[in-house]
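Position chain H relative to chain X; hints supplied.
Residues per chain are reported as follows:
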Amino acid sequence: MEDVHVTAMLVRRCVAGDAAAWEEIVQTYNRRIYNICYRFAGSGNDAEDLTQEVFIKMYRTLPSYDASKGAFVTWVTTITRNLLVDHFRKTKQDRVTDSLDAPVSAQEDAQPLSEQIHDQSAPPDASVRSRELGETVHAALGKLSPELREAVILRDLQDLDYREIATVLKVPEGTVKSRINRGRAELARLLQRTYRQVM
Amino acid sequence: MPEHTNNGMQCQEFDGLLADAIDGILSGSRLDRFQAHARACSACGPLLAEVEAGRNWLRELSEVNPPASLVTSILASTTGVETQRLRVHAPTPQRASLWERVQAWLSGATQPVFAQTWATVRQPRFAMSFGMAFFSISVALSVLGVKPADLSHVSLRPAAIRHTYYNTQARVVRYYENIRFVYEVESRVRELKRNVQPAEPAPNEATPDKKEHKDNTTQQPEQKQERNYSQPDNHLVLASARLGPSVNDAFRKNDPSVVLVSTYRRFV
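Protein sequence lines correspond, in order, to chains X and H.
The first sequence begins at 1395 in this note's numbering and counts up one residue at a time.
The second sequence begins at 139 in this note's numbering and counts up one residue at a time.
Isolated chain X, as found in the complex:
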């Protein structure tokens, strides 16, 4: 976990106009924020744009960060989550409500997810299978409701503890745990259904 004093000093330097400090913050957190955005939004292009927006917002609101109120990583994640929620609301009308049988992405030549998993005539090597499995889970994650998805991402992919997630989502810890459990269970059901179709 981050060193609170070092991060607070870094933020102070950055607010004072030190470009090197800002670059250090960007270097430290860009991977984390990109991954949250990628897992939530589902596409690399959206994740890139959203990550950039998160840093622009962070750059503008950096003077408002108060180290006594929480860790910097929690503050950064809260900004990211709020922006993702805004993005989700904005693109709600445009989103296609496809199912697991729908194509995962445009690059995969409109091949349904179940067919991608079933196509094992020529056994691929371990890395290819791992990549395909990752894509399947990623697609299933995108089918979860936003509330369950964000809770699962923050817990299982970003390793935040329940208190930090409760701060980010602004809900009690009990609700966080409940959402995480329901999210995991829902994901398992989705994937089991997919594999049942395949087998």
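Accuracy of the hints is not assured; some may be wrong.
Partial list, derived from the structure: chain X residues whose beta carbon lies under 7 Å from chain H [claimed, not checked]:
id, residue
1, Tyr1428
2, Phe1449
3, Ile1450
4, Asn1575
Since the hints were made in silico from the structure, they are not lab data.
Yeah, the Cβ is synthetic: ideal placement off N, Cα and C, and Gly gets one too.
Okay, now just chain H, sitting in the frame of chain X:
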């Protein structure tokens, strides 16, 4: 979820402990009761299995690498400048161009005091505004007849500057006075002044003369002194004064100040 009571644990309690159990932080009698409930309850047992499976699926997701250009894009969109460290890491050409060296000097010399200002100046919209302003000034100067080539002939000696100043001032005044509108306004003001001023009183002698003229109904033109000027040049007018002693003596007795002058006119 149905409320079952198995081994002294309800499903709601089971649900509350589920996350801790998955994380492996449940121990002792609570863990025993939890496991006993999972085995006995038809709803909570499968739920535990699904939650565990879901968490295992999520472990298959590895971190993805962001695009290589992401950090550069973020820095460009926030501070507007590439920092020194980025330039060191980035593959650089063998010899930096003059513009790049100027940029490096500016970013190095202006940070951190002018970093924000310089970032603003480098924004495309600012460059657009600057370009439009330059274009407008150029058009205005060309319309006014100012040529950049003329500026090279400008002498900066004090005397020359003073001369240019007075020359310009005179030109401006001349231009102002030659404006038709100004001229018309000035002439109207002069007319108004003339009308407001009282007429000059006529000479006292003029009154009886006018009366005489009014009484004159002969319709003869007035005998004026200037009638002689209308005569041709070959009409000679001779005048002579007789100042003989006998006459002088006769008048001297009455009024010594009066000199008798007789005029002879002879038209040739």
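- Would you list, in rising numerical order, the hints stated earlier that this structure does not obey? Violated hints: none; all satisfied.
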